[in-house]
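Undergrad: Sequence:
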Amino acid sequence: MAGVFLQQACLQYQVSDLLAKKILGKESVYLPQSGYVANYDLLQALVIPTKTHIYIDTGAHKSLWEGASRGIIHKIKHNSLDDLKQNLRKFGSGIIVVDSLYSGKGSIADLIELCNLKEQYNCMLIV
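Here UniProt numbering is used: the first residue of the sequence shown is 1, the next is one more, and so on.
In short, the hints are calculated from the structure, not lab data. Since the model is a prediction, treat every value here as computed from it, not as a measurement. Mixed in with the good hints there might be a few duds.
List time: in silico DSS-like cross-link candidates among lysine-lysine, alpha-carbon distance up to 25 Å [unchecked claim]:
| # | residue 1 | residue 2 |
| --- | --- | --- |
| 1 | Lys-22 | Lys-77 |
| 2 | Lys-90 | Lys-118 |
| 3 | Lys-75 | Lys-22 |
| 4 | Lys-26 | Lys-51 |
| 5 | Lys-77 | Lys-90 |
| 6 | Lys-85 | Lys-51 |
| 7 | Lys-105 | Lys-90 |
| 8 | Lys-105 | Lys-77 |
| 9 | Lys-62 | Lys-105 |
| 10 | Lys-62 | Lys-85 |
| 11 | Lys-75 | Lys-26 |
| 12 | Lys-105 | Lys-51 |
| 13 | Lys-51 | Lys-21 |
| 14 | Lys-62 | Lys-77 |
| 15 | Lys-62 | Lys-75 |
| 16 | Lys-62 | Lys-22 |
| 17 | Lys-26 | Lys-77 |
| 18 | Lys-75 | Lys-85 |
| 19 | Lys-62 | Lys-51 |
| 20 | Lys-51 | Lys-22 |
| 21 | Lys-51 | Lys-118 |
The calculated label-pair distances, taken between Cβ atoms and stated as ranges, are [as the list claims (entries may be wrong)]:
| # | residue 1 | residue 2 | range |
| --- | --- | --- | --- |
| 22 | Ile-112 | Pro-32 | 37 to 43 Å |
| 23 | Lys-51 | Gly-25 | 18 to 24 Å |
| 24 | Leu-18 | Arg-89 | 24 to 30 Å |
Glycine included, each C-beta is placed from N, C-alpha and C at the ideal position.
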């Protein structure tokens with residue numbers, strides 16, 4: 001639901017307020033309307049246009065591609081840690097973007113090795 005329609009009597013407002021204040025101890029939280037919007041907004045918030053290197057798996061969800069679009073995109077062959085390593089060595093730190101389970105192919109990302117590469121190259125990993 002669009003924020004303009006959220007009023008204090010609205011159940012969604014009450015739930016997000018409860019989550020923020022009582023459970024997390026924060027003033028507010030961001031609750032996107034869908035997973036697509038969550039992926040898009042997260043990357044849009046993290047990317048510095050034309051400066052942030054984004055290493056994105058070619059099989060990643062469209063929402064991740066659209067969110068990363070303002071950064072410097074490096075297309076990584078699907079589930080290829082070797083291709084990712086080559087790009088990281090050449091271009092340096094940035095944001096590694098993968099799906100944990102690729103719905104189109106049914107393949108699974110090697111999250112342990114991705115975490116190791118994240119640490120080794122001082123990157124952020126978004127799954």
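Undergrad: Tell me if the straight-line CA distance from Lys-75 to Lys-85 falls inside 25 Å.
TA: At roughly 12 Å apart (the allowed maximum being 25 Å), Lys-85 and Lys-75 satisfy the hint.
Undergrad: Are the Cα atoms of Lys-26 and Lys-77 separated by 25 Å or less?
TA: With a Cα-Cα distance of about 40 Å, the restraint between Lys-26 and Lys-77 is violated, given a limit of 25 Å.
Undergrad: Checking one constraint from the list: CA of Lys-62 to CA of Lys-51, max 25 Å. Satisfied?
TA: Answer holds: Lys-62 to Lys-51 is near 21 Å, not above 25 Å.
Undergrad: CA of Lys-105 to CA of Lys-51, is that 25 Å or under?
TA: violated (31 Å)
Undergrad: Can you confirm whether the C-alpha distance between Lys-62 and Lys-77 stays at or below 25 Å?
TA: holds (15 Å)
Undergrad: Holds or violated: the 37 to 43 Å window for the beta-carbon distance between Ile-112 and Pro-32?
TA: violated (28 Å)
Undergrad: Given the hint that Lys-75 pairs with Lys-26, test it: the Cα-Cα distance must not exceed 25 Å.
TA: violated (37 Å)
Undergrad: Does the structure keep Lys-22 and Lys-77 at a Cα separation of 25 Å or less?
TA: violated (44 Å)
Undergrad: Between Lys-105 and Lys-90, does the CA-CA distance stay at or below 25 Å?
TA: Judged against 25 Å, a Cα distance of about 28 Å means the pair is violated.
Undergrad: If you draw a straight line from the CA of Lys-62 to the CA of Lys-85, is it 25 Å or shorter?
TA: holds (23 Å)
Undergrad: Hey, Lys-90 versus Lys-118, does the alpha-carbon distance stay inside 25 Å?
TA: holds (15 Å)
Undergrad: Quick one, are Lys-77 and Lys-90 close enough, alpha carbons at most 25 Å?
TA: holds (16 Å)
Hints 1, 3, 4, 7, 11, 12, 13, 16, 17, 20, 22, 23, 24, counting from the list given before, are not met by this structure.
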